[in-house]
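Just so we're aligned, residue 2 is where the sequence shown starts under our numbering, counting upward by one.
Possibly wrong hints are sitting among the right ones.
As the list claims (entries may be wrong) - In silico DSSO-like cross-links for lysine-lysine, where the CA-CA straight-line distance does not exceed 30 Å:
id, residue 1, residue 2
1, K7, K240
2, K146, K74
3, K450, K475
4, K467, K146
5, K55, K43
6, K20, K146
7, K146, K43
Said to hold, decoys possible - Taking CB as the label site, the calculated pair distances span:
id, residue 1, residue 2, range
8, D153, G39, 24 to 32 Å
9, R343, E305, 16 to 24 Å
10, D153, S65, 17 to 25 Å
11, H241, F126, 28 to 36 Å
12, D317, H5, 58 to 66 Å
Don't read these hints as lab results, they were simulated from the structure. Even for Gly, the Cβ is constructed at its ideal location relative to N, Cα and C.
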Amino acid sequence: MSNHLKILFIASEAAPFVKSGGLGDVVGSLPHALRGLGAEVKVVLPKYGQINEKWLADKKPVASYEVHLDWRKPIADIFLIQPDVYAVVNDYYFNRENIYGYGDDFERFAFFVKAALQLLPLIDFIPDIIHFHDWQTGLGCIYLKDVFSHFDAYKNIKSVFTIHNLQYQGNFLANVLPQIDLNYGYFAPDKIEFYGNASFMKAGLTYADFLTTVSPTYAHQIQTAEYGYGMQGMLASRKHELLGILNGIDYNEYNPATVKSLAQNFNIDDMEGKAACKAHVQKMLGLPINPGIPIFTIISRLVEQKGIDIIEPALDTFMNHRDMQIIVLGNGHSHYEQIFERAAYYHPHKMSANIMFDADLAHQIYSAADFFLMPSLFEPCGLGQLIAMRYGAVPVVRNTGGLADTIMHYNYETGQGNGLSFNDYDAGALIWAVDEALSLFHNKSHYQKAQNNAMTADFSWESSAKQYIDLYNKLRMGN
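Build out the structure end to end from the sequences listed, making use of the hints.
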């Protein structure tokens, strides 16, 4: 199907090495799906301090070279950390406590994408397509088109740039341009100038040959003022070169029949194990063990995007006037963390706030949950609702972005639908949706039908990977 396509992913995260959210999951799993369709895919990412040293143990660099940035020439050491996965090592730029959030992020990621592009002839891999991901790699689209394409090895390479979350744009002061080896001619409205700043996201949106984002609905939404974060005009101008392809999940990684961390494995034909998982997690987290009380879980970064602003005013109703338990797993903004910690302090029999992220605990909580709560302000795709369905937790979501593309409100008359959804972004609408969930839970035959619909929904990578292959082939052929 791929006709021997060669694809290079350049991204700032990739599971299992490092991830802060959905980007890492996608870059970790999509290449596997593409290889399954016959493509040759390699991945390049930075080697952060958070990446376990075991991946570099007993290895020597496969390449080492200077990267030109203004007057500086920092060294990139390249390690093959797994077959077809390369890490760019430079301790000054990447051996730090966090992945992002530094004053020199513009320089760190300019260095990274230049190093990734320089690598190709040294590993004898000239791809048909370079697939860049999010603002951290946006400059790579400029470097490829305006610098590297003048060399024979690069002249036929096409670029795809994927928007995983338009809210995060990589906007910096204009005076960084010389430091990232660009002249001030690029600081123009038709290039990378964005409301007085130099935008790495806009660099990708302007210079890539084709744009994608992670769900069809989000592709339309980002062309509007409500969701475009100032970039809606240019996105609308490229609407014929913008495609929404829904993210998938790795069905081997998220499989309640085989995941070892669960109290008891289960599958759609034998759900007894889910009841055991629920009792185990309730006991572990100090909640009353009661199969008749539904567990709602929130597994998420605790940031504005995820709808915490409408959960906060609804918590009093949930804690004092509804028979339910809520389990939270995640971290983020301190104010949002404190909302759940406070609720857990005053209602320890109804709320468990786990302000951290632990992958094994996430699997266990998904396996125990009756419902998965995701009332997002906006959601490019969302992976949590896809994982939750795999574990038989019925999603309760706001009807936006990828949530609208993946969750159909359950219909009692037809028995169709894999979750519950609401439209308005306010606490009243959220309470209505939770009440709908509570009613569904106590109607066992319909709850089991909704749960069955969720577990049999197919959001594996196969369909989405085929769409990417089709896109890559069209670009390669010049269509």
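Each hint, compared with the structure:
| no. | hint | verdict |
| --- | --- | --- |
| 1 | K7 <-> K240 | 26 Å, holds |
| 2 | K146 <-> K74 | 22 Å, holds |
| 3 | K450 <-> K475 | 41 Å, violated |
| 4 | K467 <-> K146 | 26 Å, holds |
| 5 | K55 <-> K43 | 20 Å, holds |
| 6 | K20 <-> K146 | 28 Å, holds |
| 7 | K146 <-> K43 | 20 Å, holds |
| 8 | D153 <-> G39: 24 to 32 Å | 26 Å, holds |
| 9 | R343 <-> E305: 16 to 24 Å | 18 Å, holds |
| 10 | D153 <-> S65: 17 to 25 Å | 24 Å, holds |
| 11 | H241 <-> F126: 28 to 36 Å | 31 Å, holds |
| 12 | D317 <-> H5: 58 to 66 Å | 60 Å, holds |
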